[in-house]
Each structure stands twice: as C-alpha cells, then as structure tokens.
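Novice: Chain by chain, the residues:
Number of protein chains: 2
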Amino acid sequence: MNRVETQERVEAAEAKLSAAMGSGDARAVAASYADDGVLLLPGRPALEGRAAIEEHFRQVFGSWQITIESETEGVMVDGDLATLRGAVVQRVRRRRWPRIAGSMALRHLLVLRRDGAGDWAVAWDTVQQGERTGGLLRRVKGLLRR
Amino acid sequence: MNRVETQERVEAAEAKLSAAMGSGDARAVAASYADDGVLLLPGRPALEGRAAIEEHFRQVFGSWQITIESETEGVMVDGDLATLRGAVVQRVRRRRWPRIAGSMALRHLLVLRRDGAGDWAVAWDTVQQGERTGGLLRRVKGLLRR
Chain R
1 MNRVETQERV EAAEAKLSAA MGSGDARAVA ASYADDGVLL LPGRPALEGR
51 AAIEEHFRQV FGSWQITIES ETEGVMVDGD LATLRGAVVQ RVRRRRWPRI
101 AGSMALRHLL VLRRDGAGDW AVAWDTVQQG ERTGGLLRRV KGLLRR
Chain P
147 MNRVETQERV EAAEAKLSAA MGSGDARAVA ASYADDGVLL LPGRPALEGR
197 AAIEEHFRQV FGSWQITIES ETEGVMVDGD LATLRGAVVQ RVRRRRWPRI
247 AGSMALRHLL VLRRDGAGDW AVAWDTVQQG ERTGGLLRRV KGLLRR
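These protein sequences, in sequence, are chains R and P. All residue numbers for the first sequence refer to our numbering, where the first residue is 1 and numbers rise by one. All residue numbers for the second sequence refer to our numbering, where the first residue is 147 and numbers rise by one.
Just so you know, these hints were derived from the structure itself, not from any lab. Quick caveat, the model's predicted, so the values are computed rather than measured. Virtual Cβ for every residue (Gly too), placed ideally from N, Cα, C. Worth double-checking, as some hints may not be accurate.
What the hints assert, rightly or not - In silico negatives: residues of chain P with every beta carbon more than 10 Å from chain R:
no. : residue
1   : L186
2   : D224
3   : A263
Unchecked claim - Incomplete in silico selection of chain R near chain P, CB under 10 Å:
no. : residue
4   : A26
5   : P42
6   : I68
7   : T72
8   : G74
9   : D78
10  : L109
11  : V111
12  : E131
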C-alpha cells in the first residue's frame, strides 16, 4: 500500500468515527477505538477503554442528537502509527424539551494504530475548543468563497 | 537504537520543552518545535511555524513567569513518528503589579518527528484543560501516597 492509500485509510477511519457520532450509535462510535483507546475531553476525567467510551456516548446520545462536520488539517503516518488533526463543527440538539440546540467549533487530534488485520483504530482522541470567535463565521465565509 | 532508548529520547524532548518554558526563553521553547511545528491552544488560532511560536512565547514571558510540571502518561513510537501525552500542572505568576498567580491542570498531547540528525522535534502540540476539579488535589494525594 502506498503512502497516499495509507493516508486515505487513516482519513476514512476518522470519517467513520464522525459518521458514527451522527448515527447516535454508541457501540458504532466505540468500535472506532482500540480496545484500550483513550478519549480525552476538556475538563473531564480521561475515558479509558472501549467500554468506558461506549458508556459515555450511550449517556450523551440518550439526551442529545449530535452531528459532526470535520475537516482534516493534517495527517502523518509512519509504519503502524498515524496521527490526524482537524477542525470540527459539532451541532447538538436536545432530544427532549427544552429542545435547546447549539454548535461548537472544536479541534481534534487523533492518534491511530494499525492492527494485525490492517485496520486503523483510534488509540488516543483529544478534543479541544476551537477558535473562540468566528468558528462558524469562518465557515460561512468559506461557503461564500466557493 | 532499541525501543526503550527511543522512547527515552522522545520523553527527553518533552522534558526539554517543559524546562525551556520554565526558563522563560522563547527562543529555547521554539527550538523544541519543528520548523513547521504547530501549537494548538484552546480557543485560540493555531500558531503555525517556529517563528509564530517564538513570538507567542516572547509576549507571554514578557508578562508571566511560568513553571511546568509534566507527567508522561503514554508514549507511542513507530519509525520517525512519535506521540506523547501527559498531565501538566502549569503555574503562572505575573511579573508586574498586580502580581497575580495561579495554577492550572492541563493535559498535552505532542506529536514528534525525528529529523535526519536523529533529533526529535515537536510537530504538533495540543493543550487541553485537565480535570476541572482535583487536578492539584490529586497531585497532593499522589504525594501523600509516596
């Protein structure tokens, strides 16, 4: 597999994770992580292991519908280790009354490992608040420029 | 170089960066990054390139004295790519009146690349707020357990 193909596989693993978020399927989200995967959310204890990550998303999805739009800003791969960073716009909508909704500009940085079967799983996932102002504005400007 | 030695080199690169922070020397901090290194701070625009990183720290160090205590929680290496994550306690003290001071529990996740000379430079550095409560408390407990 050449470098470009490998990079595409890594990006596909991230896209699958973002899509699983949108589906509200905690098991599908957790399946994107390695068995010992770690999810690091700002200001919260680390979620360690696929089971903890699944339980977290089960609770989140119980109350919130989430959609994720992510844009990859960089990928690096060597051997069976890869890392990807990108900008994320996360939209949330509460499932019950009051049906509050909002969007957040985030960044994520994923570290992925390739397993024996050649599949990339997320080993570490860190999420960060994006630029405080203009996250959405920038996106709108981006749309206008197209 | 065996796996353990390589891992130690990666940890040494992080330790050098943390030490440079404490020295208040913006040039020394920037020297830990690759030429095209990226520093991602929560809620702020990405700092891209060693020059931008140096300028940022020059401004920060002009007003603040910073000390960093970091504890590595994981390292992964394959070939010339490495990643390190850890807990950080950052203490800040304003150099001028009012001499406010404080400490923050943070996490960082670094991606490092090995250059032709065999040196590890930080390619991406992302900083995240740590656990909202008990960051310091946990450390104190940790000390008591020793």
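Novice: Run through the hints listed earlier and report the numbers of any the structure violates, in increasing order.
Specialist: 1, 2, 4, 6, 7
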